[in-house]
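Visitor: The two chains are supplied separately, each in an independent frame; assemble them into the complex guided by the hints.
Protein sequences appear in the order of chains A and B.
Using this note's numbering, read the first sequence as starting at 1 and increasing by one per residue.
Using this note's numbering, read the second sequence as starting at 1 and increasing by one per residue.
Because the hints were derived from the structure by calculation, they are not lab data.
Wrong hints could be hidden among the right ones.
[Claimed, not checked] Sample of chain A residues at the chain B side, in silico, Cβ under 10 angstroms:
| # | residue |
| --- | --- |
| 1 | LEU60 |
| 2 | ASP79 |
| 3 | MET80 |
| 4 | ALA83 |
| 5 | LEU85 |
| 6 | ASP103 |
Treat the numbers as computed from the prediction; the structure is a model and nothing was measured.
By construction, the Cβ of each residue, glycine as well, lies at the ideal position given by its N, Cα and C atoms.
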Amino acid sequence: MTKTIFSTIALMALLIFSYLFTKKQTEFNPFTLSLNTSKGVVNLNELKKDKLTLMYFGFLTCPDVCPTTLSTVGAAFKDMTPAELAKINFLFIDLDPERDSLDRLKEYAGYFHPMITSVSMPLKDLDPFTRYFGIVFMKVPLKNSKMGYTIDHSTGILVLSPEGKILPHIEHGTNKTVMLAILRKLLAEIK
Amino acid sequence: MKNFCFALLVSLSTTSFAASQIEIKNAVIRLPPPGSTTTAMFMDIMNNDKVERTLEKVSGAISDDIELHEMAMTEGRMTMRNVPKILLKKGEHTLLKPGGLHIMIFNLKRPLKENEAIDMKMDFDRQEHVTIKAIVKKDL
Chain A
1 MTKTIFSTIA LMALLIFSYL FTKKQTEFNP FTLSLNTSKG VVNLNELKKD KLTLMYFGFL
61 TCPDVCPTTL STVGAAFKDM TPAELAKINF LFIDLDPERD SLDRLKEYAG YFHPMITSVS
121 MPLKDLDPFT RYFGIVFMKV PLKNSKMGYT IDHSTGILVL SPEGKILPHI EHGTNKTVML
181 AILRKLLAEI K
Chain B
1 MKNFCFALLV SLSTTSFAAS QIEIKNAVIR LPPPGSTTTA MFMDIMNNDK VERTLEKVSG
61 AISDDIELHE MAMTEGRMTM RNVPKILLKK GEHTLLKPGG LHIMIFNLKR PLKENEAIDM
121 KMDFDRQEHV TIKAIVKKDL
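Pulled out of the complex, with its shape left as it was, chain B reads as follows (with noise of 0.2 angstroms):
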């Protein structure tokens, strides 16, 4: 009861979107400037589950190339890489944020428009997904 509630709840608001356990909230996608075929997703993901899960893929109409990939700052030298999931530590936010991990979203099929609802489909491990609408934004 308590989590159908839970889920109801969660359904009814705009700005988050959840499968079973894992909620989604802010996601954001930088609007890139014009030229530019590649941007970047952030969102905030938290898990409610009692173990660690992980994100696997995502996917959209607006491009076939979209990776996970992390950033860090080795030696005063931003590097990116892309990882092959999101672990998502159990109770705790994972946060997709600029100058970490992200999802990395290159070869736009057409350009996007400030404020405009993108939607992305969540893949999880334990073959769950969710779909969320993604906010373009110009400035983050």
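Bound-form chain A, shown alone (with noise of 0.2 angstroms):
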């Protein structure tokens, strides 16, 4: 009798052991993760604190869409007050570990603007990290091409709340004096 509750109770033991176990394992929380940054290792959740968090998923060998992107969100940032600026992260994703370092990406980022931070993680963390957050990309081999591969991806500049929200992103293409207006609008909202 004792030995069935013994080995009943052992078998729980088991199973709810082995179910913690693998949904720690499976569990991704993208908000938790050290990210290597060029200003250093920061999580999500520290950085996302009363401020509205932008974040741009690009790469440098982007000849058209990234310089787009970030040329616009420099211009927008410059004509912002240090007080705006205060309540904002802007953090520039990179897709293309393979070929992009952290010192690059650095360089390439601070061209536009001192405040958009880079960050590169390896291709296992950035899978479920875009995943997460609704991003697509895909390395897409071109043949013929000196290139190699390009990196199919979306385009548009996902916001989150001081929360964590995923808030309406801001369409590629959007100009200067708009981005303005949704930034401003989305800093008022988080007062």
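Guide: Rendered as structure tokens:
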């Protein structure tokens, strides 16, 4: 009798333990992930406190879309006050860790605006990270191109509230004036 | 005579270049950020010919890797692909512009300077070619 009870408890313990163990392994939390950035190691939980967090996903050999977006963002930031900028995080998250180093990302992003923080993470984290936020990216081999491959990717700027809620993204092609209006409206909502 | 006058007029203008019936205007190269060796060239190509023509190759001293690329938004995702040639419809402008067709320049051999004029050789079908000057611009 005691043997049965004992083995049942042992089995239950095993099941509970294995459930908790696998749950921990399969649950990916982008907010607690340590991010390697051009400004040191941070995590989103800390970063997002009392601020609007904007995230743009791109790569260095993107000739057109990424420079266009970052250029608009940089121009918008130049028109904002220090008080406004103090309430914003802007992360440029690299989708091509194979080719892009954090040093080069830092130099690239810094050209558009010092506030733009570059982030480099390995593919194993990039996949669940982008999936969580609904961002799509894909490495695509290019035949007959010296580039070898390119990265197809979502082009909108992701917006997170201080609580970590995903707000409507800022679409690619938004000009500086409209972007400023959107950012100011969002900032007013988080006060 | 009309063609001669046209060619003469075109050759006198500094921002326009022509090879018989193909006229190229407003060729610009985006100034890449420091540390980046990739950029793109955009322009307006007018095909005054009575038949469809094609742009087949672009070359220049600033890079050994210059290719023709097109971009498209597919399901919210930007995609970029190299293409073997760019079709120039007869009697129409073909615009190479951000978000669309462009001439991709990568592995730049040297940094570019804003407002610099860069020589580029454009090869069309029928073995026609023209050398143009593209202006490096910071904002397009």
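Visitor: Give me the numbers of the hints this structure contradicts, sorted from smallest to largest.
Guide: Those not satisfied are hints 2, 3, 4 and 5.
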